[in-house]
Every structure is written in C-alpha cells, then in structure tokens.
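Engineer: Turn these sequences into a full structure, and let the hints guide you.
Residue numbers (the working numbering), protein chains in the order written: chain G, 138 to 476; chain B, 138 to 476; chain E, 138 to 476.
Calculated directly from the structure, the hints in this document are not laboratory data. Treat the hints with care, as some may be off.
The list makes no distinction among identical chains, and a pair is therefore deemed to hold if it is satisfied within one copy or across any two copies.
To be verified - Derived pair list, reagent style EDC-like, types lysine to aspartate or glutamate, alpha-carbon separation capped at 20 Å:
#1 Lys257 <-> Asp426
#2 Lys175 <-> Glu142
#3 Lys257 <-> Asp424
#4 Lys178 <-> Glu464
#5 Lys257 <-> Asp415
#6 Lys386 <-> Asp305
#7 Lys257 <-> Glu142
#8 Lys403 <-> Glu359
#9 Lys386 <-> Glu359
#10 Lys403 <-> Asp426
#11 Lys462 <-> Asp181
#12 Lys307 <-> Glu383
#13 Lys351 <-> Glu339
#14 Lys286 <-> Asp296
#15 Lys403 <-> Asp424
#16 Lys257 <-> Glu226
#17 Lys307 <-> Glu339
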Amino acid sequence: MTQFEGSHILSVNQLSLDSLNTIFNVAHKMTPYALREKRTKVLDGAILGNLFFEPSTRTRVSFGCAFNLLGGNVRETVGMAASSLSKGESLYDTARVLSTYSDVIAMRHPESYSVEEFAKGSRVPVINGGDGANEHPTQALLDLFTIQKELVHSGRSIDGAHIALVGDLKYGRTVHSLSRLLCMYKDIHFTLISPSELAMPEYVIADIENAGHKITISHQLEGNLNQADILYLTRIQEERFPSQEEANKYRGKFRLNHSIYTQHCKSNTVIMHPLPRDSRAQANELDNDLNSHPSLAIFRQADNGLLIRMALFALTLGVENQLEKYECPVNWYSRKADR
Amino acid sequence: MTQFEGSHILSVNQLSLDSLNTIFNVAHKMTPYALREKRTKVLDGAILGNLFFEPSTRTRVSFGCAFNLLGGNVRETVGMAASSLSKGESLYDTARVLSTYSDVIAMRHPESYSVEEFAKGSRVPVINGGDGANEHPTQALLDLFTIQKELVHSGRSIDGAHIALVGDLKYGRTVHSLSRLLCMYKDIHFTLISPSELAMPEYVIADIENAGHKITISHQLEGNLNQADILYLTRIQEERFPSQEEANKYRGKFRLNHSIYTQHCKSNTVIMHPLPRDSRAQANELDNDLNSHPSLAIFRQADNGLLIRMALFALTLGVENQLEKYECPVNWYSRKADR
Amino acid sequence: MTQFEGSHILSVNQLSLDSLNTIFNVAHKMTPYALREKRTKVLDGAILGNLFFEPSTRTRVSFGCAFNLLGGNVRETVGMAASSLSKGESLYDTARVLSTYSDVIAMRHPESYSVEEFAKGSRVPVINGGDGANEHPTQALLDLFTIQKELVHSGRSIDGAHIALVGDLKYGRTVHSLSRLLCMYKDIHFTLISPSELAMPEYVIADIENAGHKITISHQLEGNLNQADILYLTRIQEERFPSQEEANKYRGKFRLNHSIYTQHCKSNTVIMHPLPRDSRAQANELDNDLNSHPSLAIFRQADNGLLIRMALFALTLGVENQLEKYECPVNWYSRKADR
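Structural biologist: See below:
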C-alpha cells in the first residue's frame, strides 16, 4: 500500500520526488493496456464520478477512458447549469451526496480551490482535473512524464536539462505547476520566453532560484533556443494584453514552424504544447508543417495523459499491484502504436 | 416473480403496504453492495436508458450509479434541446424508438403525466424520475424508507409516529406523495407547519383524515416540535409568495439550526430534507451547524436513494433473488461506511 | 478478415453489392442479441468514442446501445461548445488526440466532409454518423436493410421492386444516399413524388437512369401509389420554400393517414419514414392512425438501425466471427419481440 491509497490528488505541492517516481513507474506499467496489447479488468465494477462543472472535452474523455481501460464504469456530469450548485448548495453537500455514488471522483470546476473544498465533504478519493486559475495537477504530471520519457528516449535526463518555456507564462497555470515539479530535479536551465506583459510571476522565479537552477529570461524566441532540450509552447490569448496595440507588437513573435525550428533549434529539441493549439497560419502559434517531425511530442504528450490518469486511479484505489492478476487478451482489431 | 417484473413504476398510488414492504426488503439486501463490502454482476450486460429531459444531477447520477452497482450499463440523455421532442415528435414515438435501445428506462420530464404517456409506447419498464408538478415516486419511497430505518434504529416505528412536515407544503410534490404513502400506516400524528399561503392542499388533508390519522396545523416552527419523531424540512421559494412583502414576513421563521433544534426538539428527532438545501446563513433554511449531529439524516437519506433505486431496478427486471448468485469480491480501496 | 476491419465507414460510395451483403448478413446475426434472447461479450473492454458535435438523441443512443449490446463501453461527447474545436483546433488535432482514447469512433458533425477530415487524423476506425448536408450512411444502410427485410418477409425482393420516395427530395440527404444504394440492384421502378421546388436533384436522377432503372416523377401523392411496394416518406420543412404562399400550396398534399393509404395503396405497401415524424394532425405528415397497421415499418426501421450499427462495429473491429464464442444467457426480464 502506497501513500496514495484512499488519498486525494489536489495539488502538485503534495508530491515529493519519491511519489513522482511511484506515479511514473505505475504509468509505465499502463503502456501495454493503453496500446491494447492486452487489457486488465482490475477495476471491473468500480465507478468513477467524472464531474466536469466546467466543460473540457479532452480532459474529461481522458479521465473517463483511463477508467474504462482499467475495467471500470464512468458516470458523468458536465456543466454547471445541470447542477444543484446553481441552487445555492454548498460544495460540501454536493460532495457528501455525489461521493456516495462512486468509488473515486475526477473533478474540474471554474473556481480556484473549489476541488479542495469539495474533497473535504467527499467520502472517496478526489482527483483535481483543474480548478480555475489555481492548478491542473494531472496536466503537470503528464508534462513532466513526457519530458522524462522524451529525454530518456534520446539518452538524456531531466537532471541537467535545458528547458525553454514559451508564451503566456503569467496566466498559464500549466507552466507554474510544471516549474514547481521541475524544481525537485537537479541543475536545470530554465529559459523563460514571453512578452514582458506576460512574464513568469516573481514567486515562481524565486522558487526556481531558491532550488538552485539557472534562469535565462527573454522576450523573443529566436536566439534562445539553440541549446534547449525541451521547447514547451503555450498559447498567448490576445485579450490578456492591456490594448490591441500591445497585442499587435507581439503577433508572430512566438510562432514555431518548420523553418524557425530548423534554423534555431537542435535537431533533437523536443516540441511540447498542452493543446489545444490553434494551428491556423494566422494564429502564429504552432504550425501544422511540423506534424510529421519526430521531435514533435505534442500527440505523445496527450497519449501520456492517459497513462498518468490510469496510474492515479490505480494508486488512489490501491490496485497498482493487481493489474496482471486481472489481465485478459484483446480480441478485436487494435490500432498500431506510434513510436 | 413479483408484481413488479416487467411493470412500470409511475406513481405512489400504484403501491400497497405489501408492495412497499417488498421494495424495502430488497433495498435492505442492497446495502452491502452499495457499501462496497461485496458486489454483484446480476445485471451485467443490461442497459439502462437514463432519460433526463429536465436536468437533475443528483437524481440522474443516483439512477445511473444504482444500475452500475448491479453490473449494468447506462446510456444517458440530458436536456430537451438535444431531443427529437422539440421537432414535434410524440412521446409515443420517442418511447417506441428509445425503448428498443435499453432494458429499462428511468425518465424525468418537466411536464406532468408525460412519463405515463411515454410508458404507453415503451416496450420496457419505465421508472418515473419526476414528471413536473405531478410526482417523484422514488423520492417518496426513499423518504419513507429513511423514516422507517431511522425510527427502527432507535426502537420506534412508523405506526404511531409523530411526523412534522415543514416549509412549502402547497407546491412540494415530495410531501404530497410522502403523505399519501404514510396514510397506509397506523396512528400517525401529522404536524403541518407552513406559511398560510403555502399550506397543504385540502385533498391531501382529506386523505390523511379519512385514513384516521391526527393532524395539527401551524404557521410557525417553534412550539410544535417537542414531540416530533421526524422533522421533514422543505425549501420555501420566495417567488411562491404573491408579493415580496408577504415573503419577508416569513423570512427566517422556518429555519432550523443547532440552537433552535436543541431548544425545541427531542434529542432523537430525526432531521430530514429532500436536498439540495441552501445552507448559507441568509437562506434561513437548514444551517451547516447541525452537520455532525447524529440525528441529521439528510445524507443517509440521499444514500438510501441508491438502495431504493437498486431495488426498483432489480424488481422490475425480476432479478431480486439472483443477487447472491452473481456476487464477486471488491478488490479495490473502498470507503468506510457511516453509521 | 473482411475489407472492413480497421477501415472507416464514411460514405455509401465506398460500398459494393458484395459489401452490402456482408453487412446485412452480420446484421441478421445480431438479431437474437438485440432481442435479448441471448447476449455476447465479444467487445468486453473495448471503448467507443461517441462524438456528437451536433446533437441527435436517436442516432447517438442507437450507436451507444449497439456498442453496449456487444459488451463494450461508451464514452460520449455531445455538442460543439464543449469541444476544443471552438478554440480553433483543427479536426486533425482533435482526431489525433481523441482517437487515442477509444477503439472505434462514431461521429456526427454539422459540416459536410468534416468526418472524412477527422478520419485522416484518427488512429482508429471512424463511422460517419452524419456530416451536415453530405451523408448519413448508417441511415441509408438501415433503410435499405429494412426494404430488403420487409420485401423478403412478404415474398418480394429489392430486384424488380417499385419504390416511391415522397416529400423533400431536394434537401433530404437520406433519399439521395438510399437512391445510390438502390441503383446497385436490378429493375427498380422509382416513383419520385415531391413539390416541384423540392424535386430530386438532376445528378441523382442521372445516376438512376444510367443504372437502367425506371423513373416516374410526380408532384402529387394520389394516383401514383397503387403499385408501390415501398412508400418512403420524408418531412417537408416549410422554410425550404421561397415563400409562405408556395408552402401553403402544398400543405396536406403529401400527408399519409389510414384513409389515404387504404384508398391509394396496395394492402402490403410498406410504409417507411426516417423519423422523427411530426404526427400531429396539422403537420400533414404521417398520422398516428396507421400506428397499428402491419405495413407500417417505421419502428421496425428504427430497430434495424441497432442491427446495422452492431454489424458495422463488429466488422470494423473484426469480431464478426467471434460473436458466439463470447455468448452468455440473459438472466433478467426482457421485452417480447414484435414480429
């Protein structure tokens, strides 16, 4: 039994390097099930309450399928209007009632700390699927897991890596949580590239410096990427700027496409993005012309989300060592794995 | 085979004292499965059509999970817009088509008697999950089941009990159906407490009197509760009053909190509420400060909903005697039962 | 292994007479499972991604239940707002990500050719559940399958049949796809009955003529039905007409009810309709008074949709010969089959 059994997963702050390794080890064990080489019914009969009080197709379906892949059932709730919350019910009451109906809950909610509040009333483990501007810990975990897998695949490691975070570093909860997790590793060189209006908050920078890592700060993409092992792009929403004139100043400045990549990056610089991306040319974000590039990891990154979520379900429900016991063959046509 | 196999559950009027006992006996048998002490796959492969043409998160999820707990699959439809009903299709057509797709249907709809209408076209059993102002029979059943369990737990019984119904007794379909069911028992003392504008309808009062029970009517909470075994609270919606002045007159008059309870109630007066409640202080409904009181039964009441709905599925599909035959162990972490 | 294993089902154009026969043979094998005489768990553990970017209760539930009937799990997405598509994500990206989460996808989308576009990024088979004005191939297949079953039931066959298509033949994608499939058979007499403003497009008529079939064109129902084997009705939406005056000219002219049927049709003329129908008297479409007529096939037609979709899932996942291997008994109450 690990520390995770029966516990909530609410924040990256509750995770140590040891617990990260535990999660990643279980995530690796999930690979053959996700790839349909075989399947496991370890959670046959268990029920996931998939509560998305804020819609998010990708994350919702990823949680739901992760649970199905372990053999469990999923009961879903999508949207706020459909919920008693709109009638003045407390999150505590909602949690007390809905948690009776399932064995584990994955929850997204538009308000910061709402998932933590809900967890206090829940009788079953709650996994935070994103609570407003606060956290989205499974995204941070899948990002870190991807960084590790991609680097190990080419003989590198997180310790000593050069990681460039690009785009909206001010409002992107993803990069804040990821930075916090990366701080637990050794000798990382962070290159932070953003418009000055959307720079990384001081407290995150302080955390990175206090952990002894190196930071380079820049407001332009070019010239800062030639040593990067990881290039983590995020979307810049123009409405974040004080004026359209400010927004215009930066348009196209943080765009990545095949030509820019070839010119400015090492050939094994891994390209990541939390998705969705706007891949239309005028969006100036991450163009389609890198789609078949072997260093484009954005789809493997999404695939890894499934492994991480399967691992978290297995750990919180304490079945991570019973996977093989409930294995069965896959008797239908199944897709071929990418790399 | 009981009278329920293959039948619809549309109204409390179709239930006799015998059939109530049948339902409650099966509901009791569901307890270990709901508590995850063991599980049953008796409905493995069966399909519930969970049709919520009016949203209701709590009731919808309760039906869905009850079916999952018996091993079955759930296919859901939520909202009217998504439905062909908005294109002028008759409920009969909708029922003929959708009932082919499942083994049993749970249905909520905003219009009175719509579920009955639908049932005429259905080829499978239909359970009424609430049809507008008309009925919500599974709520009445879970309320009655809770009253029985709570009283028996403290050595009392429904026969001879003193039951106070409080709040909006005019528009609350819940209290009407519950009163009808209670009429089948003996020597009950009903205390009906509401604003005069929201008093219990005459026909319900006539039913209670014709069944030989005692009625006390009051317009204030205090002074009427000191002998009550059950205190069943319902929400008063201010828009029910003819004017805001009228509403203001009653604000706070039907509120229950720890201080009022201690002053006016026996220490074993069971507190019930159909939920959701507005537990904010200014709501004047049922405060949070009773949350840990052992007589607060509102969450056990919600839990009982699961047992009642499991029982109704088992009975309408005729598997109530096969539960043990399809039992399996629970191999994952499971929550501890409350009392 | 058939040509279908691992393939997309995007258009009726990809189907030959041989492949139609393959689909229909498998659909026939699905009958005892759909009727609950027995069940099969051949897809136990498989996941359907049921992506309805445009709502359609009937089609969505039909796909979902078809998959459940084969033992599989269903993860659903309904509506556009809930999707990343609204943030400028390409269908290719959406497909790459979401297709990792399931073994097969059924998809409806309001835009023509969107499902084909999506399929290019998908790593699993995609079945078109309707892409705007373009196609709805499973509807065409279930229509053709119904025509065949109904005719064979009364000793007739598609070859040599007289088939009347009635209503909005201009915008009804259903009748276009069905006509294309019927062209593969022999010696069919098509009677095309519509307002002149809503006549069958020239390219469909050319296809029918090039395939050597006979065509009669008319703008009124009466007088053209006395030799019809099949009467396929579709809805006329009044907003299709250039003016309300034009619409008024045709009101009631294409209505079918018991009296009109008895007067103008052979007693074994099979009545079909893709549903939903507006069966209200003022709708002038297809009245309720034929509901118990043995030649009214509209509900059997909907039932056949389940068989066709089960067949397509079995074929694309390559399990059509393993159904019996995973059979189990049905241990709950089950509806009686209609004819």
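Engineer: Evaluate each hint against the coordinates.
Structural biologist: So, going through the hints one by one against the coordinates:
1. Lys257 <-> Asp426: Between copies only: 16 Å across, 47 Å inside.
2. Lys175 <-> Glu142: between (25 Å within a copy, 19 Å between copies)
3. Lys257 <-> Asp424: So Lys257 and Asp424 pass the 20 Å test across copies only (17 Å; inside, 43 Å).
4. Lys178 <-> Glu464: Cα proximity of Lys178 and Glu464: in one copy and across copies (6 Å, 16 Å).
5. Lys257 <-> Asp415: between (38 Å within a copy, 18 Å between copies)
6. Lys386 <-> Asp305: within (15 Å within a copy, 53 Å between copies)
7. Lys257 <-> Glu142: So Lys257 and Glu142 pass the 20 Å test inside one copy only (16 Å; across, 41 Å).
8. Lys403 <-> Glu359: Close inside one copy (13 Å), not across copies (76 Å); limit 20 Å.
9. Lys386 <-> Glu359: within (16 Å within a copy, 68 Å between copies)
10. Lys403 <-> Asp426: This pair counts as within: shortest intra-copy Cα distance 17 Å, inter-copy 62 Å.
11. Lys462 <-> Asp181: both (12 Å within a copy, 17 Å between copies)
12. Lys307 <-> Glu383: Intra 16 Å, inter 51 Å, cutoff 20 Å: intra-copy only.
13. Lys351 <-> Glu339: within (15 Å within a copy, 70 Å between copies)
14. Lys286 <-> Asp296: This pair counts as within: shortest intra-copy Cα distance 13 Å, inter-copy 60 Å.
15. Lys403 <-> Asp424: Cα proximity of Lys403 and Asp424: one copy only (18 Å, versus 62 Å across).
16. Lys257 <-> Glu226: within (15 Å within a copy, 36 Å between copies)
17. Lys307 <-> Glu339: Close inside one copy (10 Å), not across copies (59 Å); limit 20 Å.
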